[in-house]
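*Asks:* Sequence:
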Amino acid sequence: MIYFFTGQPQGYIAFIGILAAFILTCFATSKFADYLPKDLGRDFAFDGKKSAGKPRGAGLIFILVFCIVSLIFGKVDLENGLYLLLVFAAMMTGFLDDASKAPWGEYKKGLLDLIIAAGVAAVYLFFNPSTVTFAFFNVTVSIPPVVFAILTIILVWASINVTNCSDGVDGLSGTLTIITIMILLSV
Numbered sequence: 000m001i002y003f004f005t006g007q008p009q010g011y012i013a014f015i016g017i018l019a020a021f022i023l024t025c026f027a028t029s030k031f032a033d034y035l036p037k038d039l040g041r042d043f044a045f046d047g048k049k050s051a052g053k054p055r056g057a058g059l060i061f062i063l064v065f066c067i068v069s070l071i072f073g074k075v076d077l078e079n080g081l082y083l084l085l086v087f088a089a090m091m092t093g094f095l096d097d098a099s100k101a102p103w104g105e106y107k108k109g110l111l112d113l114i115i116a117a118g119v120a121a122v123y124l125f126f127n128p129s130t131v132t133f134a135f136f137n138v139t140v141s142i143p144p145v146v147f148a149i150l151t152i153i154l155v156w157a158s159i160n161v162t163n164c165s166d167g168v169d170g171l172s173g174t175l176t177i178i179t180i181m182i183l184l185s186v
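For the sequence shown, numbering that gives the first Met the number 0 begins at 0 and goes up steadily by one.
Keep in mind the hints are simulated off the structure, nothing from the lab. Do not take every clue at face value.
Simulated pairs of lysine-lysine, DSS-like, Cα-Cα distance not exceeding 30 Å [to be verified]:
1) Lys37 <-> Lys107
2) Lys37 <-> Lys100
3) Lys100 <-> Lys30
4) Lys74 <-> Lys30
5) Lys30 <-> Lys108
6) Lys37 <-> Lys108
Between the sequences and the hints, there should be enough to build the whole structure, so can you do that?
*Replies:* Rendered as structure tokens:
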């Protein structure tokens, strides 16, 4: 899409992209943290009231920076662009839940995450075969597309919820680092 650095070694571009993402995230977090929704405290959590007033929804900053840096430094084709859109959608559901006066509840958030996971499965199967390669054994297994889609939905939906359970940003940061490196190093 917006890949400006053609002809340059991929390793250098990946390093510059990761460095740019780090610097932009630090800058944006320090400048915009006051605009994030504030934690109201948790009634039933241990020392839940101590979290009152702390900013929530920092994933908005992380994901926006991630998407911008991926578009600038990565070779983002239609497939990866759709994945970025789905990552942004997953972030927005979490951010809007954090920003709402009353929590959305497990079922509403879970259903939205399930729809996003189905979108990931649909995009993947549209652009890729439903095969799994075990590189260590040099074996490729073909899985029926419906079974592959179901397994993909379960994996992505569980990953979204595990990230949410691990307090969002910590798990998200690690995942985004891996995805960023994969996009920046893709040929």
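*Asks:* Would you mind marking each hint as holding or not holding in the structure?
*Replies:* Here is how each hint holds up against the structure:
1. Restraint check for Lys37 and Lys107: the C-alpha separation of about 21 Å stays at or below 30 Å, so the hint holds.
2. Distance restraint check for Lys37 and Lys100: the Cα-Cα separation of roughly 10 Å lies within the 30 Å cut-off, and the hinted pair is therefore satisfied.
3. For the hint pairing Lys100 with Lys30, the CA-to-CA distance comes to about 24 Å; that is within 30 Å, so the pair holds.
4. For the hint linking Lys74 to Lys30, the alpha-carbon distance of about 29 Å falls within 30 Å, and the restraint holds.
5. For the given pair, Lys30 sits about 29 Å from Lys108 by alpha-carbon distance, which is consistent with the 30 Å threshold.
6. At most 30 Å may separate the alpha-carbon atoms for a hinted pair to count; Lys37 and Lys108 meet this at roughly 19 Å.
Of the hints listed earlier, there is not a single one the structure fails to meet.
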